Structures are given as C-alpha cells and as structure tokens.
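Visitor: Whenever a hint applies, use it, and build me the whole structure from the sequences.
Listed in order, the protein sequences are those of chains A and B.
At position 13 of the first sequence (counting the first as 1) the number is 13 in this note's numbering, and the numbers step up by one without a gap.
At position 96 of the second sequence (counting the first as 1) the number is 1096 in this note's numbering, and the numbers step up by one without a gap.
In short, the hints are calculated from the structure, not lab data.
Accuracy of the hints is not assured; some may be wrong.
[What the hints assert, rightly or not] So these bits of chain A aren't anywhere near chain B, every CB distance computed over 10 angstroms: (1) E3; (2) V16; (3) K17; (4) M33; (5) I51; (6) S100; (7) F114; (8) V116; (9) I118.
[Unchecked claim] Taking beta-carbon pairs under 10 angstroms as the criterion, some of the chain B residues facing chain A (in silico): (10) N1029; (11) T1034; (12) Q1051; (13) Q1059; (14) K1123; (15) N1126; (16) A1128; (17) I1129; (18) T1141; (19) Y1144; (20) Y1145; (21) E1147; (22) R1172; (23) L1175.
[Said to hold, decoys possible] Label-pair distances were calculated between CB atoms; the ranges are: (24) A:I120 <-> B:V1161: 53 to 61 angstroms; (25) A:S109 <-> B:R1091: 42 to 50 angstroms; (26) A:K35 <-> B:K1067: 26 to 34 angstroms; (27) B:D1017 <-> A:F113: 32 to 40 angstroms; (28) B:Q1059 <-> A:D27: 15 to 23 angstroms; (29) A:T58 <-> B:Q1059: 48 to 56 angstroms; (30) A:F11 <-> B:E1048: 29 to 37 angstroms; (31) B:I1166 <-> A:I50: 53 to 61 angstroms; (32) B:H1007 <-> A:M33: 18 to 26 angstroms; (33) B:E1048 <-> A:K17: 21 to 29 angstroms; (34) A:K101 <-> B:Q1059: 49 to 57 angstroms; (35) B:M1030 <-> A:T58: 47 to 55 angstroms; (36) A:T122 <-> B:V1018: 27 to 35 angstroms; (37) B:M1001 <-> A:I62: 48 to 56 angstroms.
If you're wondering where the values come from, they're calculated on a predicted model, not measured in any experiment.
We treat Cβ as the ideally placed atom computed from N, Cα and C, and that holds for glycine.
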Amino acid sequence: MNEDIHKEDIFVKKLVKEASLEQPGDDFMPSLMDKINKLEVENNIANEPIISSKGWFTIGVIIVSIFVALLLSDSSTIGFPDYNFSFDNIVSLYSSVSISKVFLIGLVSFIFFFIVNITITTKKYFATH
Amino acid sequence: MEKTTEHILIKNTIKGDVQSFKKIVISYNMMVYTLAYRVLKNREEAEEVTQDVFLKVYQSLHSFNMKSKLSTWIYRITYNSSINKVKSQKRQFETTEINRDNEYSAYISDDTQNTISDEETRKTINGAILKLPEVDRIIITLYYYEELSVKEIADITSISVQNVKIKLYRSRKKLFNELKDKVN
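Guide: Structure follows, in structure tokens:
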C-alpha cells in the first residue's frame, strides 16, 4: 500500500513538473506596470498636502500681520470711516455702527480661509480630474 | 527568491519604487497565472485575475507581515480571487451547465491511447490536471510543482490539513490512473 503511494507520488511529481507553468501573454507585464504606475501617481497626489508648507508659512505671515495691525490700533472698536456720501440719512445711520475687534478678526479670518479653500481645492480638483 | 532580497524589494515598493515591484511580479507571475488558469480554464480570465492579484498585492503590501512568506501570501490572494471568480460565474449561469472547453480538451479524451509523443506530453498532463476538481488542481500544483508542505497549502486554501491530505491522495490516484498508460 505504502509502496504504491510512493510509486504514484514519484510519478505524479514528475508529471506535474513536466507540465511546467503557464505563461501570461506578451501584453501582461506592460499592461500591469501601466496600471501600477497610474496607481502610484494617484497615491502621490492623494498624499500630497492641499496647502504646501510654503503656503502655510505665507498664510501664517498674513494672519499674524492682520492680528498685529488690529492689536496695534489704539481703540477697542473700529468704526466705519465717516465718509461724506450724498445720501445724508444713510451716512448718519451707519456712522453710529461699531464692530468689536474680535468679531472683525473672526470675520476677516473666515473670509480669508474661505477664499483660500475654494481657490486651492478647486484648482487641485481640476488638475487631477 | 532569497528572503532578504525579497524584504528589500518589499520595503522599496512600499516607498514607491515601482521597479522593485516589477521584480516581485517577474518572480511570481507565472505561478500566479498558472494557478488562476488551472481554476478558471480560460486564458483571458486567468490574466485578468493575475493582474487583479498583483494590483491587490501592490496596494496592500504595507500590511504584509514580514515574518510570513511572500509567496504564501500571494498564492492565498490568487486562490481566493480565482475561486471567487468561479463562484460568481456559477451564480451568474446557475441555470445553465458550465462546460468549458479549453486548449487541452482534445488531450483529455477517455480513450486509452498508446504512449504519446514528447511534444504532446505537456498538454496531456495539463489536460488531466484540468479534469480534477478546481481546488484539487491548486493543491496538486502547489504540492508537486511548488513543493509546499501540506500545512502551507492548508494555510493558503483555508482547508484543514486532514482535508488537504485526502484531496491530495484522491487527485494523485486519479492522475496516476489517467496518465500511467499515456505518459512514460
């Protein structure tokens, strides 16, 4: 019994080795590597930060400048300049409006980030699609 | 491939070196393709599965455990992808019987012929292998060609060691009976 199994084992091993391996077509490797290269490019784009370190530095400088400019102003609130519009009633209405510094800093920051976000992300999106 | 070379290639691939991955593909593409073909019996589908296998390997190489054998990991992905493809095809055509002809069909007739010529030997053996059940074709190839242990095959196919041994015994018997009179 064991001898039979051993005999079959040797015979089948020889046959399977003789059958050898199948080979994919000539296009296989170029086509696969093309897909891999595309994947690699996509990975690089996906891993690339939307705002580069230089970009963040510039943003930081602008924000700090705004903060410093606002903090260095002498009053705690900033009023609208008293322009002499032809519509006297409107001018008199808005000249009494004053905005706190905190609100103004928040508003400026929000507008700034909104603009940065929209311009950079749309630019990146259209560059990759 | 040497294990240290393999580790270097894996690390380089993870860093984005496509050429290192190409070397891995060159080492394993024929075995992966053979396993896929022996399950699917169709060259185009086997090539498709082989491409998918290497894309999966490339994308998930960072999660590969360096203590394991890369070959075992790749063959497990190949086995699962091929078997899943067959299952999805069976679901798709469950009302019609799947009877695929392949290039070796002409060589697997039940007629007992006299000893065949050398150039036909390979095709005859492949024809006989393709007559085995799908999983058995994989087991036979991994055991006799790749010389993996029963334990490794059990790991790849998620079949118990005992079951692998049984399948191996039956397949060996079938191949022996089928080919003993045809091949020297």
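Visitor: Determine for every hint whether it applies to the structure shown.
Guide: The hints, checked one at a time:
no. : hint                                   : result
1   : E3                                     : 13 angstroms, holds
2   : V16                                    : 4 angstroms, violated
3   : K17                                    : 6 angstroms, violated
4   : M33                                    : 6 angstroms, violated
5   : I51                                    : 22 angstroms, holds
6   : S100                                   : 50 angstroms, holds
7   : F114                                   : 34 angstroms, holds
8   : V116                                   : 29 angstroms, holds
9   : I118                                   : 31 angstroms, holds
10  : N1029                                  : 6 angstroms, holds
11  : T1034                                  : 4 angstroms, holds
12  : Q1051                                  : 5 angstroms, holds
13  : Q1059                                  : 7 angstroms, holds
14  : K1123                                  : 9 angstroms, holds
15  : N1126                                  : 5 angstroms, holds
16  : A1128                                  : 8 angstroms, holds
17  : I1129                                  : 6 angstroms, holds
18  : T1141                                  : 7 angstroms, holds
19  : Y1144                                  : 4 angstroms, holds
20  : Y1145                                  : 5 angstroms, holds
21  : E1147                                  : 9 angstroms, holds
22  : R1172                                  : 5 angstroms, holds
23  : L1175                                  : 5 angstroms, holds
24  : A:I120 <-> B:V1161: 53 to 61 angstroms : 57 angstroms, holds
25  : A:S109 <-> B:R1091: 42 to 50 angstroms : 56 angstroms, violated
26  : A:K35 <-> B:K1067: 26 to 34 angstroms  : 29 angstroms, holds
27  : B:D1017 <-> A:F113: 32 to 40 angstroms : 37 angstroms, holds
28  : B:Q1059 <-> A:D27: 15 to 23 angstroms  : 22 angstroms, holds
29  : A:T58 <-> B:Q1059: 48 to 56 angstroms  : 35 angstroms, violated
30  : A:F11 <-> B:E1048: 29 to 37 angstroms  : 34 angstroms, holds
31  : B:I1166 <-> A:I50: 53 to 61 angstroms  : 57 angstroms, holds
32  : B:H1007 <-> A:M33: 18 to 26 angstroms  : 22 angstroms, holds
33  : B:E1048 <-> A:K17: 21 to 29 angstroms  : 27 angstroms, holds
34  : A:K101 <-> B:Q1059: 49 to 57 angstroms : 51 angstroms, holds
35  : B:M1030 <-> A:T58: 47 to 55 angstroms  : 53 angstroms, holds
36  : A:T122 <-> B:V1018: 27 to 35 angstroms : 30 angstroms, holds
37  : B:M1001 <-> A:I62: 48 to 56 angstroms  : 54 angstroms, holds
Hint compliance for this structure: hints 2, 3, 4, 25 and 29 are broken, all remaining hints hold.
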